[in-house]
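Dock chain B against the given chain A, drawing on the hints supplied.
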Amino acid sequence: MTGQLTTGQLSASELEKIRADFPILSRTVRDNRPLVYLDSGATSQRPRQVLDAERAFLEQHNAAVHRGAHQLAEEATDAYESARARIAAFVGAQPDEVVFTKNATEAINLVAYGLSNAAVAGGAAERFAVAPGDEIVITEMEHHANLVPWQELCRRTGATLRWYQVTDDGRLDLDSLELSERTKVVAFTHQSNVMGTVPPVAELVRRARAVGALTVLDACQSVPHAPVDFAALDVDFAAFSGHKMLGPSGVGVLYGRRELLEALPPFLTGGSMIEIVKMEGSTYAPPPQRFEAGVPMTSQAVGLGAAVDYLSAVGMDRVAAHEYALTEQALTGLSEIDGVRIIGPSDCVDRGGAVSFMIGDVHAHDAGQVLDDLGIAVRASHHCAWPLHRRFGIAASVRASFAVYNTPAEIDALLAGVHEVRRFFRVPA
Amino acid sequence: MKLEQMYQEIILDHYRHPHRSGLREPFDAESYQINPTCGDEVTLRVALQGDRVADVSYDAIGCSISQAATSVLTDLVVGRTVAESATTMDAFMEMVQSRGKVEPDEKVLEDAVAFAGVSQYPSRVKCALLGWMAFKDAVARAEAGSPDNGAQRTEAQ
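Protein chains in written order, with my numbering: chain A, 1 to 429; chain B, 1 to 157.
Residues from chain A that keep clear of chain B, each with C-beta distances beyond 12 Å, as calculated:
#  : residue
1  : 43
2  : 49
3  : 54
4  : 62
5  : 117
6  : 125
7  : 169
8  : 173
9  : 181
10 : 232
11 : 294
12 : 309
13 : 336
14 : 337
15 : 347
Which stretches of chain B does chain A cover? Using the computed rule of at least three CB atoms under 8 Å from a CB of chain A, they are:
#  : region
16 : 33-40
17 : 59-67
18 : 120-130
Keep in mind the hints are simulated off the structure, nothing from the lab.
Glycine included, each C-beta is placed from N, C-alpha and C at the ideal position.
Next up, chain A with everything else stripped away, as it sits in the complex:
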């Protein structure tokens, strides 16, 4: 994700082999056009290896995990915990620092509600208490999932929400805000889902640490696309989702440093997450179980484990190099088309594979419709980052987002599609 990745790219034959693993990529859409899937930032496609792992689990090992003494229950628990261990290793974490959630949104809410629950939990949780006058800091480029939960935390606690602004070229403006001793949380994206921008994580962590604030990293758009090591990044919490990284929907991950998870009060309560239950009150299991109330998603966790195996086999450095090349090709091509305005950095420095743009004054929906007619799947909306779009004076944009299975030919198809949009809507040169 940093500047100069030029080595380790996938060869054409390797790419062909990868594409063959994804059944959906060979289908056609809209009058028999080959599918050009450039919406992996919204959700990625799953390889056979993931689909097979889900099916094999359900056909051979399905049972409720962490319950029952029978063989299937043991096998299901082993499969679930094995997936946790592999996923943890994939992001530089220990297994007990990985909590399964239904998605990244739930993971961030888990932290936000944990913090407000800390006010009444007492004991070790007191360190997390957020009070009136405290500050929660986010950025203007956040996905709603890393924005609305913090607005709600502020509403519940009387804290104030503040944010780093975004520069005209789509970078984080570190001078737009000073943290203070009242800053309790600094929550930010690892890669903008709209602009691809990778903010300076180390500097943000340093500033947060200096005032004793917790850091929460939205890693949804980084973990699927580049090597990520949460321990090395030194963040306190991080969230990502399964369905954006070749895995199933219905499973996400919260990473938390062990000592923090040990002190954080639970979010959802009920079965599985308890230690002792009496009519008068209950105590709770250590993490990660404390944060996994109820029977968890299981085939999804197993599928995500298989997705991590798949990505590891390709090699995340090579995934990153491949997507870097695609992004560079797209940025270069788009910038050569009259009337196209790229929202965000126009170079590849500290930038990942999400490219959002406007074509003249054609509305994103209309542009997306023409592309769809050509078989090209892009996102046309505010991409759940409405304040960011407002900051750039637009309601919506077209976003092409890339994954390991995309090809240079597909970028060419996108560029040809953009020309077709210009022709159809008579965009002046």
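Showing chain B alone in chain A's frame:
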């Protein structure tokens, strides 16, 4: 190619040269509607004279479908009675939500039959209805004597 079926020339004409756009006085009620999936918005005013729609004026940000639909809407309702415009709206909604299964009545819908192609694209139905939702809301407000939801608009911005 379904694309040309949806983007009929008449729709693109209304998009490029919208009828009755801009907000005007006097008006009896105003409605602000938004499409949360894309951020498109419309502020629409209705002026009634007795049981007739005397004027519809609007300010909108949106795609060609939503802009053109609002423009066509004004052609269909201005000068008609509120009851007639309700009938037209029902026919329009039925058509765009029909997935192509309803044959539109050109006598009722006039130029709006051009939006029949939209019904093939479920994700665009909301676009075609944005202005109509504002019209429906504004007429209801005018009749109930609660002139606008401007407070909501201010808050949303």
